[in-house]
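**Student:** Given only the sequences and the hints, what does the whole structure look like? Please build it.
There are 2 protein chains.
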Amino acid sequence: MNQVNKMNQNNPILTGLTTLVLALLLTACAATPSVTDPLPSWTTGASKQRIINFVADVTDSDGLSYVPANERIATFDNDGTLWSEKPTYFQLLFILRQVTLMAADHPEWSTTQPFQAVLENDWASLKAAGAAGWEKLAMATQAGMTTEEFRLLVNDWVANAKHPTSGKPYTQMVYQPMLELIDYLKANEFKVFIVSGGGIEFMRAWTESVYGIPPDQVVGSSIETRFEVRDGQNVIVREPKMHFYNDKGGKPVAINRFIGQRPILAVGNSDGDFEMLQWTSSGEGARLGILVHHTDAEREWAYDRDSLEGRLNRGLDEAGQNGWLVVDMANDWKVIYPYENSY
Amino acid sequence: MNQVNKMNQNNPILTGLTTLVLALLLTACAATPSVTDPLPSWTTGASKQRIINFVADVTDSDGLSYVPANERIATFDNDGTLWSEKPTYFQLLFILRQVTLMAADHPEWSTTQPFQAVLENDWASLKAAGAAGWEKLAMATQAGMTTEEFRLLVNDWVANAKHPTSGKPYTQMVYQPMLELIDYLKANEFKVFIVSGGGIEFMRAWTESVYGIPPDQVVGSSIETRFEVRDGQNVIVREPKMHFYNDKGGKPVAINRFIGQRPILAVGNSDGDFEMLQWTSSGEGARLGILVHHTDAEREWAYDRDSLEGRLNRGLDEAGQNGWLVVDMANDWKVIYPYENSY
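If you read the sequences in order, they're chains A and B.
All letters in the first sequence, in the order written, are residues 1 to 343 by this note's numbering.
All letters in the second sequence, in the order written, are residues 1 to 343 by this note's numbering.
A few of these clues could be false.
[As the list claims (entries may be wrong)] Among chain A residues calculated to face chain B with C-beta under 8 angstroms, some are:
no.: 1; residue: N70
no.: 2; residue: E208
no.: 3; residue: S209
no.: 4; residue: P215
no.: 5; residue: R257
no.: 6; residue: Q261
For the record, the hints were derived by calculation from the structure and aren't laboratory data.
Think of the CB as a built atom: it goes at the ideal place given N, C-alpha and C, for glycine as much as any other residue.
**Tutor:** This is the structure in structure tokens:
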């Protein structure tokens, strides 16, 4: 026993201080075990418990369901899953706004469908123009420019446009319980991706600031692009031609192409997410598929089998046999939008 | 002054111990400042210094060249940049091996070109078959199976195939200085991507274990894939049809599509990387483009303007005016392969 140890043994103040030092060193670097609820906007109940149990299972390195951090891939649909999609998909409302903003430079639009319908608020004609009409509007407003120019347009929309019924900026109409779920997953070393039918560059302009999800973790539909040197500047130009629809069976294909691993958790709200949940939940080991069911006509919207946006029919029929969790917005969520928490 | 402070003041042992406690607490959580060379396999000189200066500049939060961590995107070509590409691209050697392994199930190949040429080691006929011949071989050996089945074939090649001249497994023929550069960038909060002309699923089978780069940070060429339910199993099937060639002007397009941000650092070795370096280095702020010049006929291979693989012609001519760093393998690298460090 050396001199210092002898001194400690004989001096109660030193012994106590040494214990304190050790205790401080042991706790200073470890995260304080949190007793805070990770999902405060979710009501206590089966849905919340199932999510928490799943995360606990896959992160328990001694458990049978353990999944190493590098395989903890989670994919979220966007429209109707992370933010609202009524009265119609927000990107369509962006396109309508662009038509009105660009109309002064396109006098021919006042007599050309489907542009005329948009400018005259003629919803019957717009509806009659159908998907082909929407594609014309989409290409006229979102292509024929560089990726950087497009990003600025989306930024302007995020900053200045308001949702027609709530009057809120669109990026405030995201679901508070989902923001908490994303953060909870990230805190448990999940890598969280968006896999949406929405435009990939439309989403990337704001997903990092709104959801904390970086551009390379956003997968969406896309149009063709090409690299060119224009007036001495290197640019990427958006061309008016579809490249990929990221919907239905396209979602597993895009997940494989962009992410390269099968997710262990997938969250959607419509039959467009069916194959993503199928692909996710049929892998080996612990898996969780979640469908958000829009049941809250008062605080959000209530729709499922007959809705144009976010139609959920087959998903409701087969969720049970597939073991998917169906989240009931009206009952499972205390709060829908973040601004409900502001006073 | 309270009792404890009085005691400390009067007791030199306690005072010293308190100082020690504070010092321990202050240093225990911070990473010990490392004086270790982050790039030990790079010779001391201008190339190494320029890389270190660049990383120091973009990570200095008080400096004019500071780049926030979420914008520190680095892209690396693979063939000839991270691993060797002689006598030809390693994926072509994988394809040749697959032809020989599959030949027993394809008796017709013994009389069908270009398969016959492979089976008979008839290099003249194989060369005559050209790119169209290689595409036939590629599709016959890499498509018509599920992504999971393909991954197992690549894993088998990684585990069992040997390079024809070195006799080493292919995944040992990676460049030690590049492994160090990747680690150095990751330690400085760069997000590191591979952007290669190689097959995306061919690379993803082994990039995480060899380079520490996860599947979703690997961008490459791809064939078409489709999702299907086959015998009750959900699978993704590889179809014998090209989807995307990730080379030349395709690289900025793929970077924009997969990563969604312009890199601040790009590393390549051939004219196929020219546009990637152009796109990277012409952005605002601090940027670095690097070309690896294969100058070491003794330890690796020496080739540039006239090589079929990794042809570097325009890049050499224009590196200077573009401000790109040209790494001279013979002089800048102390070691080429990791196994040179083993005794």
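**Student:** Next, verify each hint and record whether it holds.
**Tutor:** A quick look at each hint next to the structure:
no.: 1; hint: N70; result: 6 angstroms, holds
no.: 2; hint: E208; result: 7 angstroms, holds
no.: 3; hint: S209; result: 10 angstroms, violated
no.: 4; hint: P215; result: 3 angstroms, holds
no.: 5; hint: R257; result: 6 angstroms, holds
no.: 6; hint: Q261; result: 5 angstroms, holds
Hint compliance for this structure: hint 3 is the single one not met.
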